[in-house]
Amino acid sequence: MSPLYWRRRATNAVVMTLALGATALGLVWLVLVLWTLVANGVAAITPSLFVESTPPPGSSGGLANAIYGSIVMTAAATLIGAPVGILAGTYLAEYGAGSRIAPVIRFVNDILLSAPSIIIGLFVYEVMVLKMGHFSAWAGATALAIIVVPVVVRTTEDMLNLVPTALREAAAALGAPKWRVIVFIAYRAAMQGMLTGVMLAFARIAGETAPLLFTALNNQFFSTDMNAPMANLPVVIFQFAMSPYVDWQSLAWGGALLITVAILILNIAARLFAAWGSFGR
Amino acid sequence: MTDTVSSLDLSGTPRRRTFGDRLFKATAAGFAFLVLAILAAVILTLADGALPALREFGIGFVATEEWDPVLDEFGALAPIYGTLITSVIAMLVGIPVAFGIAVFITELCPTWLKRPIGVLIELLAAIPSIIYGIWGLFVLAPFLQRHVQPFLIDTVGTIPGIGALFRGPPLGIGIFTAGIILGIMVLPFIASITRDVFETVPPILKESAYGLGATTWEVVRSVVVPYTRVGIVGGVMLGLGRALGETMAVTFVVGNAHRIDTSLFAPGTTISAALANEFTEAVGDLYLSSLIALGFILFLITFAVLSLAKLMLLRLQQRAGT
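Top to bottom, those sequences are chains V and P. To convert, take the position in the first sequence, counting from 1, and add 1; that gives the working numbering. To convert, take the position in the second sequence, counting from 1, and add 9; that gives the working numbering.
It is possible that part of the hints are untrue.
[To be verified] Only pairs whose alpha carbons sit at most 20 Å apart, straight line, appear in this in silico SDA-like list of lysine to any residue:
{"id": "1", "chain 1": "P", "residue 1": "Lys215", "chain 2": "P", "residue 2": "Pro235"}
{"id": "2", "chain 1": "P", "residue 1": "Lys34", "chain 2": "V", "residue 2": "Ala173"}
{"id": "3", "chain 1": "V", "residue 1": "Lys179", "chain 2": "V", "residue 2": "Thr166"}
{"id": "4", "chain 1": "P", "residue 1": "Lys34", "chain 2": "V", "residue 2": "Ser100"}
{"id": "5", "chain 1": "V", "residue 1": "Lys132", "chain 2": "P", "residue 2": "Asp294"}
Hints were generated in silico from the structure; no laboratory data involved.
Using the sequences and the hints, build the whole thing.
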């Protein structure tokens, strides 16, 4: 065998080992981050974490107010953002063909999808917090909803595009008006994928911190008032982790573990849900 | 789907039908335009908020390093520098690893393992940035401070010229650590786009090269990469867009100092970190306006980068005909 042959083989082996190494590195990071969270956070996961509110430094407490705030604001944002995203995505998929404005909307939507979330927070601060004169949970939910919209637009459009045209034509041939074809045929066929998109959007905003910093702010007490500042896990984690108090840091680790596990479970559930029933296809 | 189509009442009287159609289309179109309106509103609002600062400091705002809330002197150079330099480090860390992962998944990985690895990499992207921040502050920064930075200071730091980037005390937190964290964060984005882009290469092209006796690496270098070049650059730019605007992870480890230091180990700040740290505490209209102006600049930079990324990916898509 010629030396050239061996050199080519050797180069290949080196590069492929590097590729394998890169993949291993990526997975090691995931394991490392999760391991750190479990090692530091598991001690803070106690029953009082779920029933007591955030304490002043030096006394014991929990994260009940933050957990409640996070769930409420994330849910409100999804309820506001998902319908907007679904209808906008429907427009792009069902009416977009041949339209001149649709490619522009698609383009802008993709920009919003990757736009820095802190900018969204800044925007909502200007239009809601300044106008209303105070921070509020509604402002936080609005900022999160703006992040939900592009995610849902994207998945809705993609999923509707997967619905076979023949299905729509069959319904149209039966005399169904277009809106009924969309609502009763296309939505039905794409339902699974669309719901997966909404779940992923929910998971995405559950950990968002930056847009809440200037909108929902934080609240040391348990509050259910949507017109007042509301505690939420990410901002509490931020504040407590940066503090010099050991018991605050411990709570931050507990909150971090909690939120990460919740988000990973949501992500995996969304993927299982998307794959459910599609095996063997 | 047990119901048959005939069990649905699809019909309506013709008049109601056109009304329903128009109403539905108008509603859907309205919400689609809302997406445009949001972007327009964001730009206009930020521009409006930034106006007082830009009027006061003029073009000098982006050219001065001074950031003094007491004297009401504000310049954006330090955060802009920090944003760009941390993103550059992030790309240097993220691109090679992401490329390796994409090559592994598309060319080496057995089929049954493709999906699980793809999902794991996507989970890396799903972890919120605040988690990377807290991990960076308590795990990565001390590790770099103890093991990596002293080593770099003793070796690369002694070289004239480039060595200036690696001098000074190993503080752990600073521009360098922020860049590394960002690199880890954008890695899954770049990896999954590069993988998707690699998969657009028609199998017949790769098979012809393999048939001629090419090794896997030669196929990647001479067939896959030339075919997907535009898409790869698009994916990298998308990752860059993420890195530029990333907030929480950076805020934890960058050190939050409004200054430009030649050493990468020195603390600095980025636009997003400055906003996260100072916005709620900013007193005075000029201070607030200067921060909003920072946000406006960040938005313009990311907008340009993301648009370019999107255009490049679109070009590849059109060629692939999907």
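Which numbered hints does this structure break? No numbers; nothing is violated.
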